[in-house]
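Asks: Construct the entire structure; sequences and hints are all you get.
Residue numbers (the numbering used here), protein chains in the order written: chain L, 2 to 712; chain F, 2 to 712.
Relax, there's no trap hidden among the hints.
Identical chains share a label here; the pair holds if one copy fits it or two copies do between them.
No farther apart than 27 Å at their CA atoms in a straight line, the calculated lysine-lysine pairs in the DSS-like style are these:
id, residue 1, residue 2
1, K412, K575
2, K239, K125
3, K575, K33
No lab work stands behind these hints: they were computed from the structure.
Number of protein chains: 2
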Amino acid sequence: MNLLTWDKKSFIIDGKRGFLRSGEFHYFRVPKKDWKRRLDLFKKAGGNCVATYVPWCLHEPEEGKFLFGDCDERDVETFFKLCKDAGLYVQCRPGPYVYSELYCHGLPRWLCENYQEILARNAKGEIFQYQSISYLHPRFLAKVANWYDKVVPIINKYSVDNGGPIALAQVDNELMGIHEWFGSLDYNRASMGIGVRNGRYPEFLKKRYGRIGFLNKAYSAKFADFHKVMPLPEISQKTVEDRRRVKDYQDFYFQSCAEYLAILSIMLRKRGVKLPITHNSGNPSMNSYFHETIGYTGSKEFILGSDHYYNLSQDWDQNNPTPKYAGKCFYSNEMLRLYGFPPTIFELPGGSQAAWPPSLPEDMNCAYMLNVAFGMKGFNYYVYTGGPDNPQNISYKNNYDYNAFVSGDGKIRPTFKMMEGFHKFLIRNRWLAEAELVSDFQIGLDWEQTRSHHYFSSRGDFLFGNNEAWQFLQKGITMTALNNSYTPGFSDLYSDAILREKSKPLFVPTSACMAEHVQERLVKFVKSGGRLIIAPVIPYLDENFNPCTVLSKFLGGARSEAGTSPKVIAPAFKIGQTLMRDKYFVFTAVPRNAEIIARAQDKEAVVGFKNKVGKGTVVALGYQWHHSYDEHSNVFRHLLELAGAGRTVVTCDNPNIWAVVRSDGKRSMLFVMNLFASPQKANVLVRGKAGKIRIAKSFRLAPMAVETVMI
Amino acid sequence: MNLLTWDKKSFIIDGKRGFLRSGEFHYFRVPKKDWKRRLDLFKKAGGNCVATYVPWCLHEPEEGKFLFGDCDERDVETFFKLCKDAGLYVQCRPGPYVYSELYCHGLPRWLCENYQEILARNAKGEIFQYQSISYLHPRFLAKVANWYDKVVPIINKYSVDNGGPIALAQVDNELMGIHEWFGSLDYNRASMGIGVRNGRYPEFLKKRYGRIGFLNKAYSAKFADFHKVMPLPEISQKTVEDRRRVKDYQDFYFQSCAEYLAILSIMLRKRGVKLPITHNSGNPSMNSYFHETIGYTGSKEFILGSDHYYNLSQDWDQNNPTPKYAGKCFYSNEMLRLYGFPPTIFELPGGSQAAWPPSLPEDMNCAYMLNVAFGMKGFNYYVYTGGPDNPQNISYKNNYDYNAFVSGDGKIRPTFKMMEGFHKFLIRNRWLAEAELVSDFQIGLDWEQTRSHHYFSSRGDFLFGNNEAWQFLQKGITMTALNNSYTPGFSDLYSDAILREKSKPLFVPTSACMAEHVQERLVKFVKSGGRLIIAPVIPYLDENFNPCTVLSKFLGGARSEAGTSPKVIAPAFKIGQTLMRDKYFVFTAVPRNAEIIARAQDKEAVVGFKNKVGKGTVVALGYQWHHSYDEHSNVFRHLLELAGAGRTVVTCDNPNIWAVVRSDGKRSMLFVMNLFASPQKANVLVRGKAGKIRIAKSFRLAPMAVETVMI
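Replies: Right, here's the structure in full:
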């Protein structure tokens, strides 16, 4: 029986729905004599779980020499016993990678130094960092197996099914970060099987293309066989054919990472681990890299979370949680929800690796509360407490203080009290763990767009690129919506669930490319009565850049072309011109009987139309923006009106203040957010089902403040 | 007689020293009927000047058809009269470029469309934006002359020497932005004289190398003659020779821009303009592009200012003024001061082109006050007021509201009152216009480092690059100093003035390259009793990457090598290891009798030494950092102590609060700054000359607050 589990709604802890409130606690960094006190403090402050890495480098300092319990910093068993005594569950993270500001990111140094054949390589075959491993290299996996042989029995001994505290087991850490952040995707020829007959890469290509002739046509190449194909570096893409080749390699790379994660999971299972398995995506933009992984693991015995930092050094964009950060948290949580998980942030900032810029309590509380407002159901502070030691010389830093709630040397920081207050809020409002966002419309998520920046680094010959559409979703649609009190929810365009969500308009940012099954699903959506908004172009290719005009045919042969007139957009949109940096497109044809809603001023070309199909509606606009001006709000509101969105649940008279409602059906809570550094005022009004006003309230918000009201 | 002038200390307005308090006011955007009211409002609010573009595109809508006064939006003369009536000086900015969110950045569209030969080109010869002109193209300059023929007489008619309000005349706008932001440096072959015998580019090279053989040696090439040399694109640099070729072109480009600015100035003078001429660098990092320009113009009849925005759209790093922004303002003001000007911000944000993210009064006031703390002596809000019109269809936007103090349609925003309060502060403390920063040590500014990112985009084979040294100056030395209450001043390493500034230690961030004259000056500085700190390497090349070991010889043949041991730095620095992302270097030799202050732990190699030379001292440390950890503070403080810096003027117990003192010799003011989004406390103490405590005070600072106290 598992005491810590979940379904897609929330975590279920000791049989009750509630928030996972975990804190990272590195036994190897904190002095052993202070373990108990710091654990008890966290329990008393409302925590219900701790997480710890078990660093491979620490416990196998020389190859084959495994050490557990020989000294304080390796006495992991005592630590687990104390967690049990404190009444805290444990998420155990035994690597192989753990990162954590350790040398070799937590791998044993002997491994990186003595087995250079296992290192990841860029497309040119060069090693880019000697701590970056090629995940599927057989020699690496064999060494991992040796490590798991020794560490897993300890995990089993202290797992909940044996009466212990360990409830979750993580494999690896921030998968792919080690490649993407320090070099490129991994092109290690041995582990990727590049250039080898029946190698993994040629087999992947064979499965995708069937015959080499088809691949040659797709790549505009003359390879004699699949194993003769060499991948191209990301930056080399110039033609559609090159881009296709780069994208194929990316898909293969993500597939390989999924296999790696599956292999690690199987290794745990084979060694008797019955616990749910966890993993954390390195940041919101990497969530979508796990699409293939979820395909393997499902969402019952495995949970993917994400890491939501807002500042780890002065090189980060901002010092505090901003609307941009909130927007990322929003789509990150929504992606995790669409994967089927209760959105969990396995690394929520409990401080920062840098002492400066500082981790201040008001900023941190604001970050936590906005994550709750946007759907977080569980979290793990990274870190709850640091330590003064650099045990066994495995870390860059002597003092791993991390500006945490409890400092390296054991002092309680002002942030501790804030954290305690945050827990009290979550415990008092346990029902929020089941609550859902009350949305006014849906945004269609095309997973391909969200991970296209490697192969859409330039638009090339495409009318509008995948990465541009993804930026439009984030900086245009989402930001304009929230600034106008329209609360969006996200819909998975890869799932037929959208066919059952017809009560609200669906806004899909489009690029030149859209998979055939997505195009078909959108047609079905409209035919069955859905209201669809698309902007700024009609796709004319599928996700592999082959012609695909399902949507275009459905819309009377409508095709998009770049607009050339300097002035566009009909008066109804209250915008008389193109604005700086905005792009617009014209439609070469429109459905018969379509209502024209926008034209290019000089040439009378159609820039937007509305078409009714039975009970369904399509609104198409050849315009995209990053939210900057009131004109963008006008365009957005008018589009939503054309799609019959009706009155919003929330009305807020200050566009810089965001207000959303979460509800479990019985209870509802209004979250009002000032994500700026100056104090602000706002008048907020919430309507119930029949349009009746449920609450109207004036707020005076401090900087970086999230206020809540039960309604 | 000029009523608005300056010296290096401050502006002198109507014979009195004080701040230039100007506001941008576009007559062509504001309804004429409201000109007087808005001008009077600004005067009443404490302004003493307004600035306006006179857009070429507006007044010469068709080639040869010059229109002034035919309609309200072109009635510039009435506007000048009203400025005079209101008692406001005018800074007149007639272009040719004015930017200002106008089509073609303010150039007439007929010019860009009908004369494509004048467009700027990238190194491949491609046009990158059809509104980006090649400044020195003869046809362009001829068209500018026609424009000046018509507009300058109006400027003269209303200039102060004729009893009018115009006191300053600006040429062009944010020079080079039009190239750098939209493409690259300009390689237009005609105007740059590329590939032409006796062309400007070959002549420049001939002057630099004398004989083609020397150039061929420097470039590792075989050109038959100077006019056969083709420039390389910035990104192509792979070898030292290529880098040299890229840098030569950059120097030539900056030289060309200086010539352009000089030509425009001469055009004004020839047409009778007696006013001082102004120009604004596009942002702090572009100030150093004007080194050649100042060589031409001097600082008597010409003044260069800079533009200090912190947010113009959601794509900017932050929404509010942060320490990073303050750091940029600091070095920007110091650069302007070292050029010989009273630091002037010709575009200080009076709002933002985007309505969102918002321009909030607390953030803006904080930005203004930190600029005063760091030396601003004059400013022009961009913009004081916007307008509701898009006159003559010259702008992207109908409503140029700019979130300004007075909105496009004439309403007074909450920011207006804040601006009024800021002016009151400046008027009440007029003496601040003459005040100087009370510094504890000097930072040596090597101009070459500050503009090296085009040719140091990678470090290549260099031990430590120019751009890395520039980052170290900003993110390491300056940030660590301010966080530790050490106030830096900047010293110009190109000037012998450093030889007269020996009362304080001089900290020079070094790269592999340093001009011979700078190396010699530093040797002289030490020999004559100066205390010099250098980190992290001993230069071994001059600014053109030729061997230059003046400093090395002076230091007993000391050379730097990359450190390889994983652990470094002596215990005195209270740092036991290398920290993440930090780099360290060892010295292969040290001066005889040098005191070793740091070693690599594994290999005993020297990482730092101190050497006394007569009364002078050199402290050298093979270590660089971006401020992140307390360890960086320890290293910094210990270096300053070794150089005998003594007690700081200010002591602040909160490292996140910056505190500096400005003084005119008689009066002093303490500025205490919270540049974070959370409220903070600090205890601050200021000492006088004999170390006597002048003030000790506790502060509770709101987010984004700058408090001042007379001491």
